[in-house]
Amino acid sequence: FEYIIDEVLPRSAREGGKKITVAYDAAEKYTSRTSTLVRVEQLILKGDFTNVFPILTEYIDKWPDHHSAIAFMVNVSVKLNKHNYAVKLMERELEKEPNNVFLLGRTAGILDSLDRCDEAVQLIDKALKVDRNSQDADESNRNAIVQMKEYCVAKKKMAEYKENGDSISGQMQDLMGSFGL
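Numbering (the numbering used here), first residue to last: 186 to 366.
Some clues are possibly wrong.
To be verified - Using 25 Å as the maximum straight-line C-alpha spacing, the simulated DMTMM-like pairs for lysine to aspartate or glutamate come out as follows:
no.: 1; residue 1: Lys314; residue 2: Glu282
no.: 2; residue 1: Lys311; residue 2: Asp250
no.: 3; residue 1: Lys264; residue 2: Glu243
no.: 4; residue 1: Lys340; residue 2: Asp321
no.: 5; residue 1: Lys264; residue 2: Asp300
no.: 6; residue 1: Lys314; residue 2: Asp303
no.: 7; residue 1: Lys281; residue 2: Asp321
no.: 8; residue 1: Lys267; residue 2: Asp316
no.: 9; residue 1: Lys340; residue 2: Glu282
no.: 10; residue 1: Lys341; residue 2: Asp321
no.: 11; residue 1: Lys347; residue 2: Asp321
no.: 12; residue 1: Lys267; residue 2: Glu282
no.: 13; residue 1: Lys347; residue 2: Glu282
no.: 14; residue 1: Lys347; residue 2: Glu335
Stated by the list, open to error - Simulated restraints, written as ranges between beta carbons of each label pair:
no.: 15; residue 1: Asn349; residue 2: Arg327; range: 31 to 37 Å
no.: 16; residue 1: His251; residue 2: Gly350; range: 33 to 39 Å
no.: 17; residue 1: His268; residue 2: Pro239; range: 15 to 21 Å
no.: 18; residue 1: Ala344; residue 2: Lys247; range: 21 to 27 Å
no.: 19; residue 1: Gln307; residue 2: Asp250; range: 46 to 52 Å
no.: 20; residue 1: Asp310; residue 2: Asn349; range: 23 to 29 Å
Simulated from the structure, these hints should not be mistaken for lab results. Think of the CB as a built atom: it goes at the ideal place given N, C-alpha and C, for glycine as much as any other residue.
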């Protein structure tokens with residue numbers, strides 16, 4: 186925005202004003218987007234997710250590639266128990282950045298909350314195969330992703346035991362208890 190005010194408008198004026206309208210339109214669009222996201226952040230901090238949802242829906246309709254708004258919407262959707270919508274948004278983002286470890290891990294976490302562990306584990310495996318030196322890597326969350334995989338696998342085994350009517354050994358019960366199951 187400062188660039189438009191400090192550089193584009195004065196240069197356009199020196200050149201006869203041919204680009205002033207374009208510069209003003211760009212400045213207006215930028216301030217509108219920024220003020221909307223500031224309002225969204227304020228509502229999120231208040232925990233007012235219900236009122237944030239329609240604002241972000243309209244915003245994303247206008248600017249579908251704005252990653253910050255999509256990240257906000259994913260978090261708001263999860264808070265409102267609209268997990269399937271959050272998954273759709275994440276899948277759309279993964280189409281653009283299929284090896285982004287953060288996106289893979291976040292999507293896996295949402296899928297896990299929907300008890301879709303098989304899909305979550307597939308995404309986790311893909312995330313763990315990304316080169317650790319790649320710009321898509323997310324080393325700060327790598328341990329959490331590994332733990333999520335272990336949790337999903339244990340949860341799936343627990344469900345299989347219960348489904349088959351098998352008794353669960355004390356060791357398995359202790360393991361599942363440590364995961365809160």
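Hint check:
1. Our distance criterion of 25 Å between C-alpha atoms is met by Lys314 and Glu282, whose separation comes to about 15 Å.
2. For the hint pairing Lys311 with Asp250, the CA-to-CA distance comes to about 23 Å; that is within 25 Å, so the pair holds.
3. As the CA atoms of Lys264 and Glu243 are separated by approximately 18 Å, the hinted pair is consistent with the 25 Å bound.
4. Taking the CA atoms of Lys340 and Asp321, the gap is near 28 Å; set against the 25 Å cutoff, the hint is violated.
5. Between Lys264 and Asp300, the direct Cα distance comes to roughly 17 Å. Compliance with the 25 Å bound is thereby established for this hinted pair.
6. For the hint pairing Lys314 with Asp303, the CA-to-CA distance comes to about 17 Å; that is within 25 Å, so the pair holds.
7. A distance of roughly 12 Å separates the Cα atoms of Lys281 and Asp321; the hinted pair therefore holds under the 25 Å criterion.
8. Simply put, Lys267 and Asp316 have alpha-carbon atoms about 32 Å apart, too far for the 25 Å limit, and the pair is violated.
9. A C-alpha spacing of about 29 Å is found between Lys340 and Glu282, which places the hinted pair above 25 Å, so the restraint is violated.
10. A hinted pair counts as satisfied when its Cα atoms are at most 25 Å apart, and Lys341 with Asp321 does not qualify at roughly 29 Å.
11. Straight-line distance between C-alpha atoms of Lys347 and Asp321 comes to about 38 Å, which puts the hinted pair past the 25 Å bound.
12. As the CA atoms of Lys267 and Glu282 are separated by approximately 23 Å, the hinted pair is consistent with the 25 Å bound.
13. Taken as a hint, the Lys347 and Glu282 pair is broken in the structure, with Cα atoms around 38 Å apart against an allowance of 25 Å.
14. A distance of roughly 18 Å separates the Cα atoms of Lys347 and Glu335; the hinted pair therefore holds under the 25 Å criterion.
15. Between Asn349 and Arg327 the beta carbons are some 34 Å apart, a value that agrees with the proposed interval 31 to 37 Å.
16. For the pair His251 and Gly350, the supplied restraint of 33 to 39 Å is violated, since their beta-carbon distance comes to about 50 Å.
17. The supplied range of 15 to 21 Å is met by His268 and Pro239, whose beta-carbon atoms lie about 18 Å from each other.
18. Between Ala344 and Lys247 the beta carbons are some 42 Å apart, a value that contradicts the proposed interval 21 to 27 Å.
19. In this structure, Gln307 and Asp250 break the distance hint of 46 to 52 Å, their C-beta atoms being roughly 26 Å apart.
20. Remark: the range hint 23 to 29 Å for Asp310 to Asn349 is upheld by a beta-carbon distance near 25 Å.
When held up to the earlier numbered hints, the structure conflicts with 4, 8, 9, 10, 11, 13, 16, 18, 19 and fits the remainder.
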